[in-house]
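Undergrad: Sequence:
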Amino acid sequence: MSDPPPGPSLAEHRFRSTHQSADGLNLILPRHSHRNNMSPSLDTFTTPSGTQTHYLQSGNANGPLIICMHGLGGSSKTFLPLLPHIPQSYNTVIVDFPGYGKTPRNTTQTVTIPGLVADLQALVQHIQSSHGTEDDKVIIFGHSLGSIVGLHFAAQFPAKVGGMFLLGAGRSASHIPAVRQRMLDTATKTRTEGIEAVAKGASIGNFPSDEQRVVPPANRQAVYDEVAAADPEAYAQTCEAIVGEEHKDPDYAQIKCPVTFIAGDLDVISPVERSEGLSKLLGGSARVEVVKGGHQPIIDDIEPVVAAMTKLLEQIAAPM
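Numbering (the UniProt record's numbering), first residue to last: 1 to 320.
Just so you know, the hints here were simulated from the structure itself, not pulled from any lab data. The structure displayed is predicted, hence computed values, not measured ones. Think of the CB as a built atom: it goes at the ideal place given N, C-alpha and C, for glycine as much as any other residue. Mixed in with the good hints there might be a few duds.
Said to hold, decoys possible - In silico DSSO-like links for lysine-lysine, alpha-carbon gap of 30 angstroms or less:
hint	residue 1	residue 2
1	137	280
2	137	189
3	256	102
4	248	137
5	102	137
6	280	200
7	256	280
8	200	160
9	102	77
10	160	189
11	280	189
12	292	311
As the list claims (entries may be wrong) - So the derived label-pair ranges between C-beta atoms look like this:
hint	residue 1	residue 2	range
13	276	316	36 to 42 angstroms
14	39	182	38 to 44 angstroms
15	229	306	34 to 40 angstroms
16	311	191	41 to 47 angstroms
17	50	209	38 to 44 angstroms
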């Protein structure tokens, strides 16, 4: 049996903070706490725009920051299957975008991609300043919409980002009439027929067809439940934001950190070719890993996803 760890020093007491766990318990955690030994804590931060951002936080609060961002209709639940595979040395934060999960829709402004990027910047600053890690780089995990926000952030603040892990990556489609119209139609359908109708479509379109590959019913149900739980107006506004005329591709060449793209071999929402195309636009090293599945690689084929994530984290941590 090993000796018990020493108690926190006086300096460490200054960094103690209160967190509310996912089950509602208040946890007093020192700066060097390893929160993967307990349930992730649920925290809230109000950004300058007024978004009351809810996020799950797990791991070492003083460690390198990993920010995880879900896709359209998702929530922090998207990344929960990956959480046990992320080393406890990282400070892992899983975000709910406005109108999804536990983050309420910000009724003072319309959802836009620049607005989501600004909220992300404020959240990163808040978390890192709270733990004295302002000089550290952040690692971004993003699924679909989350990858769009992450790529914009990384292009605007390239020196701040140490690596990116992007699943079912997206980009601006405002210049593609067919895609733009499809997303605008989805926004209209959400407002006229209800979020449940859109959720049904998502449970189908996020996965290969039954003719292509057998999909466990539980996987389709999980996507349905997530989308159905979203704020309908937030969902509609997000559809419009993705194809909004103000949403242009960032300068991808500014992104010089290591990037891994995960693409489902039968993903019709974000085909393999999109990740391959994006990888060639970046200014640093990038690779594309193709897994079996559609637009939900974490629940479609988690083992190679974990392997690719582990390889990227090792690459980031390796001395130059």
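Undergrad: Evaluate each hint against the coordinates.
TA: So, going through the hints one by one against the coordinates:
no.: 1; hint: 137 / 280; verdict: 23 angstroms, holds
no.: 2; hint: 137 / 189; verdict: 40 angstroms, violated
no.: 3; hint: 256 / 102; verdict: 33 angstroms, violated
no.: 4; hint: 248 / 137; verdict: 25 angstroms, holds
no.: 5; hint: 102 / 137; verdict: 27 angstroms, holds
no.: 6; hint: 280 / 200; verdict: 35 angstroms, violated
no.: 7; hint: 256 / 280; verdict: 12 angstroms, holds
no.: 8; hint: 200 / 160; verdict: 39 angstroms, violated
no.: 9; hint: 102 / 77; verdict: 11 angstroms, holds
no.: 10; hint: 160 / 189; verdict: 39 angstroms, violated
no.: 11; hint: 280 / 189; verdict: 35 angstroms, violated
no.: 12; hint: 292 / 311; verdict: 19 angstroms, holds
no.: 13; hint: 276 / 316: 36 to 42 angstroms; verdict: 22 angstroms, violated
no.: 14; hint: 39 / 182: 38 to 44 angstroms; verdict: 39 angstroms, holds
no.: 15; hint: 229 / 306: 34 to 40 angstroms; verdict: 26 angstroms, violated
no.: 16; hint: 311 / 191: 41 to 47 angstroms; verdict: 43 angstroms, holds
no.: 17; hint: 50 / 209: 38 to 44 angstroms; verdict: 42 angstroms, holds
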